Amino acid sequence: MLAPSPTLDATTTTGGFLLVLSIVVPVAGILLAFVLGDRYVRLVAFAVIPIGSAIAVAILVALPQGNGPLVYLLGDWPPPLGIALRADGLSAVMLAAAAAVICAVAVFAAADFSPATTETRAPFVFWILLLAIWGALNTIFLGGDLFTLYVALELLTFAAVPLVSLEGRAETLRAAMRYLLFALLGSVLYLLGTALLYGLHGTLDIVLLSRRVSLEPAALVAAALMTTGLLAKTALFPLHLWLPPAHAGAPSAASAILSGLVVKGSFFIVVRLWFNVMPGLPGFAAAQLIAALGGAAIVFGSVVALRQERLKLLIAYSTLAQIGYLFLMFPLAFGASGRLESGDALAGGLLQAVSHATAKAAMFLAAGSIYATLGQDRIPGLGGAGRMVPISVLAFALSGLALMGLPPGGAYLAKELLLQAAAEQGQWWWAVLLQAGGIFTGAYVLLVLTYAMAPADRQTTLGRAAPRMGEMAALALALCSLLLGLMPWGAYLSIPHGDASDKFDLATISKALAPLLGGTVVAILLGRWEPPLGYPSRWTALLVAVGPVRRAALALSALVERGDKVLRWWPTACICLLSLAALFAASMRVAF
Amino acid sequence: MSAVTVFGLCAAAAVGLGLYGLITNPQPLRKIIAFNLLGSGVFLLFGVVGRRGAAASIGNDPVPQALVITGVVVAFSATALAIALVLRLFQKAGSTTLSDDAPPGADPSLPGG
Amino acid sequence: MSIATIFEIVLAAVVLGLGIWTTAVRETYSATVGFVAYGLLVALIWVRLDAVDVALTEAAIGGGLGGVLLLGAAARLRNAELMVTETPGKVTRVSAAALSVLIATALAGAVLLLPDSVSTLAPTVVAHAWATGLTNPVTNVLMAFRAMDTMLEKVVLLLAIVGVWSLAPDSAWGGHPGPRHQADPNGVLAFLARLLPPIGIVVGIYIFWTGANHPGGAFQGGAILASMWLLAIMAGLTDTPPVRSRRLRFILVAGPGLFLIVGLGGLCFGAAFLAYPPALAKPLILGIEIAMILTIATTLGLLLAGAPERSAKR
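Chains as they are written, first to last, in the numbering used here: chain Y, 1 to 592; chain R, 1001 to 1113; chain U, 2001 to 2314.
So these bits of chain Y aren't anywhere near chain R, every CB distance computed over 12 Å: (1) L419; (2) G426; (3) A436; (4) P488.
Per label pair, the in silico range of CB-to-CB distance: (5) G1094/R - Y2029/U: 17 to 27 Å; (6) G1094/R - L2189/U: 24 to 34 Å; (7) F2269/U - A58/Y: 15 to 25 Å.
Computed from the model, here is a short list of chain R residues facing chain Y with C-beta under 8 Å: (8) V1015; (9) P1028; (10) A1082.
Hint data in this document are derived by calculation from the structure and do not stem from the laboratory. Computed from a predicted model, the values in this text were never measured in an experiment. Virtual Cβ for every residue (Gly too), placed ideally from N, Cα, C.
With the hints as constraints, model all of the structure from the sequences given.
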């Protein structure tokens, strides 16, 4: 949607002031909340969130009315001297998704983090960091200058890390430490690339760079370093060492934000880098590499997720798998000239990001309610949850269905677009991976639901009763994710063949059933089943029947888990990071 | 052998040293020092790029200088946050090791994280 | 080979030697001391690169305050060193070394092979200096042309404070950061803490004020003010303020807050967000910088003090 007209980056368009406001409003909220403190923190957040959401909606409305992206020149200085903010279709969509998730999480967290009369630590920190993450994300989605994106990335990291260690336990502190150090390594590599790009072209503005970047040694090194650094922040396999303990150890509202939104920030910058700054640079080999990592993430993350005993860890590992999905679009987005072009592959990838953001946040919120009510989140001990917290279990089920790719969800539409692109490009192996991903997702969702729907087999100790508003927020997000396919995306993302989700014929139904059926098979083979489930005789008979196959599957999965353990050791992950940088540089060179 | 060449090589070497230290030193505090080394190498690279851009009677392009000043402050706050985390971790856990389960070679059936 | 080049080569060699020593030495305390020396010598490199503003910042914040931070942590973590169990094996070390060398070589090659036609923004910055009336080009870039980055960076500083404070135990929330320092009232530290701050404050304010037209600015001046404050705290002459103090919080948001207000003024009444009307540019920028130096000094000092540890007496 970025028409490369020479006047477009030199003037502020009407409606451009909305871009500044969407950054300024959360920042003003942070400052106010910090000064006022006490019980006003939550109040300020609740005042700021509706205003910010209204601005996001206004941008959504204003964008199709102009021709081309919304632009705002900060300080009225045009690039290369000044900084520009730009909103194209991708930005508008991500802004809206961020606003929706933040609203839902705020509603959920209203009860968890309500400030008392005297100021306490957790509410003060939580609400300020929530606003900070929002402001940082908006800057990432709108920033038109690579250094502004760097500052926004650091803002995002500084806001996300204390959320991980909010509860103050030793293992969360350790997880936060690992997250901070690895994320800092990622941003330093990104900054290194920025230095090289400035040295080459004398500007860091995205549109200006897109016209000047060509294949030079410094540009290759810069692209490789920046991509790898951003992949470290997105926790793409094999750079995922920090994600599972960080997302599982944070409080549920924080996990929802971390999984749903924070990882999308660095992903968005990768998209900007590959599609807008240097579309001609990566080439076929590098795109295959990045998607291969994504495919490995899908398989790896899903298998380890199935073997988890705690619900929050399962959801965290499933985030790992879903992040892999996001990178499958890169090799499918090549146009005839060998440059990356925005088309149905890009639309599919963005849609996947949006639907994952909403669905994963809903999952974590639902898990939070279940955890609060049951007092624990061991999966085999979830029996009876269906009776005690039906809304949360329903929210979990719906978000799981949305992630599996059931129509009319966003993930279904995304998968259709990516499958179309794969068919056009003749790269059938990605289509196989896409379907496999859906099956794996189905497996662990069904696993959890089976346990949750089983009757309570022993006296479960009840924690606090989960607040009704929180459960409704999770349900609303899950429904949102499930209905994403019906929204008019054509105005923002280039979806060439119109709305593909209208037909309820046999093909659609079979596509919907495939993850469910395949997922059941995989769940039976790999899942962690423990005997007292309420249907002992039939179940054990089934398990005995598939015995040898299950043993083989479990042996394979033990290998995968062992590999995960090795990869999550700090030196190994860093060595993988540097090797990836070298591999990217080599593969980008090869393409020419 | 101009200043650009000498300090460009110096910057690259600092980056390499910082990376090595970050990977191999097991204590978080040493990792933080290595990160600072790495950061200073990156900033020196900006400085070298700016020196190449000396023009209009200024010795060094002002834009990279401004970027570096911003970067130094951000790096300092990152160091402060990381050190606060390490100190708190030491208070809570009595040790500052980063891995909460044993390194590879130990029992693989232990639950992760 | 001129004298200057030889000097530069020697300087680079010493800096790298210090870097290697810092990475390889076994004791953390020694590594920290090495890092402080490294930071100060890197400031000399910056002077050779003709970037005096950056040299001041690197010496004050990178080597100076950063060094104090690391030294304090190394002192407190002395006991943790005895419990180190996992040193990486030979394979890890060799592959890490190989990859680091690879990346360093690629970087060196990239930098040395940069094209001869240099694109630089120096002439553009100098040409637009009329907009602010200040003649220090770095200050112009920081406060006018790329003001958004500076404002966001202030918010980053504030978030670092929130992050550090979030690590307080719940019982100590709202209290004083760091331990209560005591020093011999007749000792050297107390003497210096009485002698230096008045001089340091004058120097800091001068460096800030002169940043409009010569190398200097709010960051460098703020770092010096912060270090004077810290000197007084470490000598026990004053205590860290309680974290819940409303006045302290107001000072911490004054910098970004004023920046935001001026920016919004530009949005509503002027040309754009963070645009200054040329007639008012100099006073506006100096006003923002005054708020900024207060915020920066307080923020840097508090970041060094750490998380609240002692609950405030009611």
